[in-house]
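Colleague: The lines below spell out each chain.
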Amino acid sequence: MSSPTFSAVACTSEDEDDDRLLVERYLGGDRDAFTTLLVRYQRSIYNAAFWILRSHEDAHDISQTVFLKVAERADDYDPKYKFFSWIYRIAVNESLNLLRRHRHEDELEDDVDIAADDSTGPERQASAGQLARQLRAAMLTMATSDRIVLTLRHFSECSYEEMAQILEIDEKTVKSRLFEARRRLRGLLKDWK
Amino acid sequence: MTLKHSSLTELMHAVLDGEASADDARQLELRLAADPAARAEFEEWKRLFSALAEVPKEHVPEGLVASVSAAAPAARRDDHQPFSRRRVLGDTSAIPSRSVKMTQESSRRIFAHRKAWLGAGIAAAAAVVVAQVAFDFPIAKDVTGTVIPAQRYRAAQNGSEQVQVGTPAGQVAPTGAAPEAGRSFAEKASAERSESALNADRTQTGLTADRSQLESKADRTQAEMMADRKQGELTANRSISQLQADRMQSELTAAQSHADKTADRSQMNLQADRAAELKAERAVADKAMQLNSADKTMQLNSADKTSIDRSAQQ
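Here the protein sequences line up with chains A and B, keeping their order.
The first sequence begins at 1 in our numbering and counts up one residue at a time.
The second sequence begins at 1 in our numbering and counts up one residue at a time.
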């Protein structure tokens with residue numbers, strides 16, 4: 001399945017070798033290489049952080065933290081693995097750490113940034129767009145673990161194997177969590193059939 | 001076709017995720033062809049998957065790239081750092097991941113690096129001891145105060161494990177057991193590698209804490225200087241205000257004095273004028289009296305003359 005909205009930031013990036021090269025160039029002192037990586041992944045990292053934290057402000061802070069950590073610890077990156085998996089794992093861990101620190105999980109149920117998607121652009125008028133809006137609102141009410149697997153799979157197009165790497169769980173658990181999350185999401189949608 | 005409903009749904013998800021094997025996909029196809037209810041459910045899930053792909057992305061706020069680029073440190077390859085992973089462990093690409101058993105060759109290679117490092121370390125330590133014995137370093141005379149240990153390990157530091165990608169799930173160790181000696185080397189190397197990394201982290205943490213302490217001290221000094229400066233400015237301002245007030249008071253006093261003098265002078269002038277007027281009035285009165293007296297005298301003289309004339313006529 002191809003996603004028009006996230007195609008440029010998918011886990012299955014065709015620029016894997018280029019990513020590794022950019023990291024090497026950055027380690028060699030080329031700051032432009034880092035900027036290229038930053039521009040390439042800012043959207044995916046920001047979106048991942050947003051879907052975990054449900055706050056644009058926190059997502060912005062976490063995105064900054066993630067990229068600064070990447071800059072500081074680029075030498076720790078193991079080129080055997082995909083750069084995206086590495087950076088995404090940092091983003092997930094940092095976001096979860098922030099959640100634990102702020103105890104967002106239960107306290108922000110009524111304080112999520114749902115209103116940000118109330119625009120009335122033409123693409124939002126269609127019924128498919130309405131369903132997408134319902135999905136967005138429903139997902140924002142789901143548990144963090146559900147949001148993470150749904151985001152990784154559907155917004156970042158990560159494979160089961162990549163999700164397992166990022167979340168440090170086995171593929172069977174990934175498949176199971178994803179299945180349960182989708183069932184719960186479907187249960188939250190009313191009159192969508 | 002005896003799939004349970006949940007298994008059937010899982011199979012549908014796997015197919016829609018593109019993760020099902022060809023056999024699984026064919027099995028589902030057959031089931032859907034024979035089962036209208038399953039077909040309807042599959043269509044529902046398909047629609048949900050499509051809708052998820054349409055969920056609009058969040059827009060990244062402007063300035064993220066600029067702010068990160070400005071704050072990002074210059075790249076540093078740790079080949080030049082004393083405790084870098086690469087310098088301590090050598091080329092890490094030669095080291096298998098944790099779940100993979102090490103071969104004798106890789107163990108030997110790591111140990112060769114380790115021996116070189118141990119030799120270098122011992123030589124460096126010996127040089128320090130010799131220098132200490134050979135040269136009697138004088139104690140600085142001006143050094144006073146209490147020596148206290150640096151406050152380290154306070155700042156919360158993220159460990160390197162937070163940013164390393166672990167062994168992929170499902171990765172299978174190579175078949176065939178490594179020789180026992182190789183495993184022993186591997187365990188030793190792993191332990192020593194952890195120790196080296198820990199030492200490096202501790203050193204880094206200590207340096208960071210020291211730096212934070214120095215920065216904090218510098219900030220405090222800066223703040224105190226600013227406070228002193230503000231206090232000085234306040235005092236100066238107060239002095240200036242006081243001087244201005246004093247000056248105004250002096251000017252007021254002078255003005256009052258001048259006014260008083262002017263008033264006195266006016267009073268004196270008035271009195272002098274009054275005296276002059278009185279004198280003039282008195283002079284006029286005297287003159288009038290003199291004139292009056294002269295008239296009376298003349299009248300008497302005239303009367304006497306008349307009387308004399310009358311007497312003479314008689």
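No wet-lab data here; the hints were simulated from the structure.
Cβ coordinates follow ideal geometry from the N, Cα and C atoms, glycine included.
Hints are supplied without guarantee of correctness; some may be wrong.
Derived Cβ-Cβ restraints for the label pairs, each shown as a range [claimed, not checked]:
| # | chain 1 | residue 1 | chain 2 | residue 2 | range |
| --- | --- | --- | --- | --- | --- |
| 1 | B | Ala25 | A | Leu189 | 20 to 28 Å |
| 2 | A | Asp32 | B | Asp23 | 27 to 35 Å |
| 3 | A | Leu189 | B | Ala70 | 19 to 27 Å |
| 4 | B | Val65 | A | Pro79 | 22 to 30 Å |
| 5 | A | Leu189 | B | Leu214 | 29 to 37 Å |
| 6 | B | Glu41 | A | Ser127 | 16 to 24 Å |
| 7 | A | Val39 | B | Leu214 | 48 to 56 Å |
| 8 | A | Asp61 | B | Asp219 | 39 to 47 Å |
| 9 | B | Val65 | A | Thr144 | 41 to 49 Å |
| 10 | B | Ala124 | A | Glu16 | 37 to 45 Å |
| 11 | B | Asp219 | A | Gly28 | 16 to 24 Å |
| 12 | B | Arg247 | A | Asp61 | 52 to 60 Å |
Partial selection, computed: residues in chain B whose CB lies under 10 Å from chain A [said to hold, decoys possible]:
| # | residue |
| --- | --- |
| 13 | Asp286 |
| 14 | Met289 |
| 15 | Leu291 |
Below are the DSS-like pairs computed for lysine-lysine, each with C-alpha atoms no more than 25 Å apart in a straight line [what the hints assert, rightly or not]:
| # | chain 1 | residue 1 | chain 2 | residue 2 |
| --- | --- | --- | --- | --- |
| 16 | B | Lys57 | A | Lys175 |
| 17 | B | Lys4 | A | Lys175 |
| 18 | A | Lys172 | B | Lys4 |
| 19 | B | Lys4 | B | Lys57 |
| 20 | A | Lys190 | B | Lys46 |
| 21 | A | Lys82 | A | Lys172 |
| 22 | A | Lys172 | A | Lys190 |
| 23 | A | Lys175 | A | Lys82 |
| 24 | A | Lys69 | A | Lys82 |
| 25 | B | Lys46 | A | Lys172 |
| 26 | B | Lys57 | B | Lys46 |
| 27 | A | Lys175 | B | Lys230 |
| 28 | A | Lys80 | A | Lys190 |
| 29 | A | Lys82 | B | Lys46 |
| 30 | A | Lys190 | B | Lys261 |
Colleague: For every hint, state whether the structure bears it out.
Modeller: Structure-based check of all given hints:
1. B:Ala25 x A:Leu189: 20 to 28 Å: holds (27 Å)
2. A:Asp32 x B:Asp23: 27 to 35 Å: violated (48 Å)
3. A:Leu189 x B:Ala70: 19 to 27 Å: Given range 19 to 27 Å: violated, Cβ gap about 43 Å.
4. B:Val65 x A:Pro79: 22 to 30 Å: Check passed, 24 Å falls within 22 to 30 Å.
5. A:Leu189 x B:Leu214: 29 to 37 Å: At roughly 57 Å between Cβ atoms, B:Leu214 and A:Leu189 fall outside 29 to 37 Å, so the hint is violated.
6. B:Glu41 x A:Ser127: 16 to 24 Å: holds (21 Å)
7. A:Val39 x B:Leu214: 48 to 56 Å: Cβ of A:Val39 to Cβ of B:Leu214: about 36 Å, so the range 48 to 56 Å is violated.
8. A:Asp61 x B:Asp219: 39 to 47 Å: The hinted range 39 to 47 Å is violated for A:Asp61 and B:Asp219, with Cβ atoms some 23 Å apart.
9. B:Val65 x A:Thr144: 41 to 49 Å: Hint violated: Cβ distance 27 Å, outside 41 to 49 Å.
10. B:Ala124 x A:Glu16: 37 to 45 Å: With Cβ atoms ~41 Å apart, the hint holds.
11. B:Asp219 x A:Gly28: 16 to 24 Å: Cβ of B:Asp219 to Cβ of A:Gly28: about 35 Å, so the range 16 to 24 Å is violated.
12. B:Arg247 x A:Asp61: 52 to 60 Å: Holds - the Cβ-Cβ distance for B:Arg247 and A:Asp61, about 56 Å, lies within 52 to 60 Å.
13. Asp286: Since chain A brings no Cβ nearer than about 108 Å to B:Asp286, farther than 10 Å, the hint is violated.
14. Met289: With a minimum Cβ separation of about 112 Å from chain A (threshold 10 Å), the hint on B:Met289 is violated.
15. Leu291: Violated: closest Cβ of chain A sits about 114 Å from B:Leu291, beyond 10 Å.
16. B:Lys57 x A:Lys175: Cα-Cα ~24 Å, so holds.
17. B:Lys4 x A:Lys175: Given that 25 Å is the threshold and the Cα spacing comes to 17 Å, the pair holds.
18. A:Lys172 x B:Lys4: holds (18 Å)
19. B:Lys4 x B:Lys57: violated (36 Å)
20. A:Lys190 x B:Lys46: holds (17 Å)
21. A:Lys82 x A:Lys172: Given pair A:Lys82, A:Lys172 holds - Cα atoms ~21 Å apart, limit 25 Å.
22. A:Lys172 x A:Lys190: The hint is violated at about 30 Å.
23. A:Lys175 x A:Lys82: holds (21 Å)
24. A:Lys69 x A:Lys82: holds (17 Å)
25. B:Lys46 x A:Lys172: The hint holds at about 22 Å.
26. B:Lys57 x B:Lys46: Cα-Cα ~20 Å, so holds.
27. A:Lys175 x B:Lys230: With a Cα-Cα distance of about 65 Å, the restraint between A:Lys175 and B:Lys230 is violated, given a limit of 25 Å.
28. A:Lys80 x A:Lys190: Status violated; Cα separation ~45 Å.
29. A:Lys82 x B:Lys46: violated (29 Å)
30. A:Lys190 x B:Lys261: Cα-Cα ~100 Å, so violated.
Taken one by one, the earlier hints fail for this structure at numbers 2, 3, 5, 7, 8, 9, 11, 13, 14, 15, 19, 22, 27, 28, 29 and 30, listed in ascending order.
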